[in-house]
Amino acid sequence: EAQVTQNPRYLITVTGKKLTVTCSQNMNHEYMSWYRQDPGLGLRQIYYSMNVEVTDKGDVPEGYKVSRKEKRNFPLILESPSPNQTSLYFCASRQTGGASYEQYFGPGTRLTVT
Amino acid sequence: AQSVTQLDSQVPVFEEAPVELRCNYSSSVSVYLFWYVQYPNQGLQLLLKYLSGSTLVKGINGFEAEFNKSQTSFHLRKPSVHISDTAEYFCAVSVNRDDKIIFGKGTRLHILP
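From first to last, the protein sequence lines stand for chains L and X.
Straight run, no breaks: the first sequence in this note's numbering ends on number 114.
Straight run, no breaks: the second sequence in this note's numbering ends on number 1113.
Hints were generated in silico from the structure; no laboratory data involved.
Each residue gets a CB set at the ideal place from its N, CA and C atoms; glycine is no exception.
A portion of the hints provided could be inaccurate.
Claimed, not checked - Here are some, though not all, of the chain X residues that point toward chain L, as calculated from beta-carbon distances under 8 Å: (1) R1077; (2) P1079; (3) S1080; (4) I1101; (5) G1104.
Model the full assembly from the supplied sequences, consistent with the hints where possible.
Here is the structure:
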């Protein structure tokens, strides 16, 4: 089954404790992206990657890091989380250079930073 | 730069009544347009998309949208809603095939019994 998986689904942590949210897709997509969703603000892009070893900042990259060492994986790293990073996070992937532009989303990771 | 405006943050509608969710975009170039749906406690999934051709686009679950270039709109419609349509709906725009997608802030559809 074609899917994007994220782990963990729920996470409560404390300020300053480094964490990683994993994202993996099995569709051989080149493009992967991270979004955060906050009430009244919709989805805002954090980082995206057009292919392995190619990453770029989205609209709200501050406080986040990403890496793309393999095509299927795109982890999101918070090196020193703060309460304003409490949010719902989505990973997504899609093809590039083709007629299909649909983004496939993971189920989301709800992060609470206290 | 392109942007997307969803004119209503919440839309209440009675079951079996028609609904229209409004979306306007701004862009100086041709765009690709999308509607995504997010059911409670789930990720987003594509409802429909406009890339080119016919301005009336049909999607899943009985939804359709009409691309209106002169009014820069892409409103989503369904002739008869069901309780299962309770969700948040996001309009999105992209200006080329490899560009990022800009999402609107979402419209929460409440179905009233």
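To see whether the hints hold, each was checked on the structure:
1. Given the 8 Å rule on beta carbons, the hint for R1077 of chain X is violated: about 20 Å separates it from the nearest Cβ of chain L.
2. Taking 8 Å as the C-beta contact cut-off toward chain L, the hint placing P1079 of chain X at the interface is violated, the least distance being around 24 Å.
3. Hint on S1080 of chain X is violated. Least Cβ distance to chain L is approximately 26 Å, over the 8 Å limit.
4. At about 7 Å, the closest approach between the beta carbon of I1101 of chain X and any beta carbon in chain L falls short of 8 Å, and the interface hint on this residue holds.
5. With a cut of 8 Å, the hint placing G1104 of chain X at the interface with chain L holds, because the nearest CB-to-CB distance is about 6 Å.
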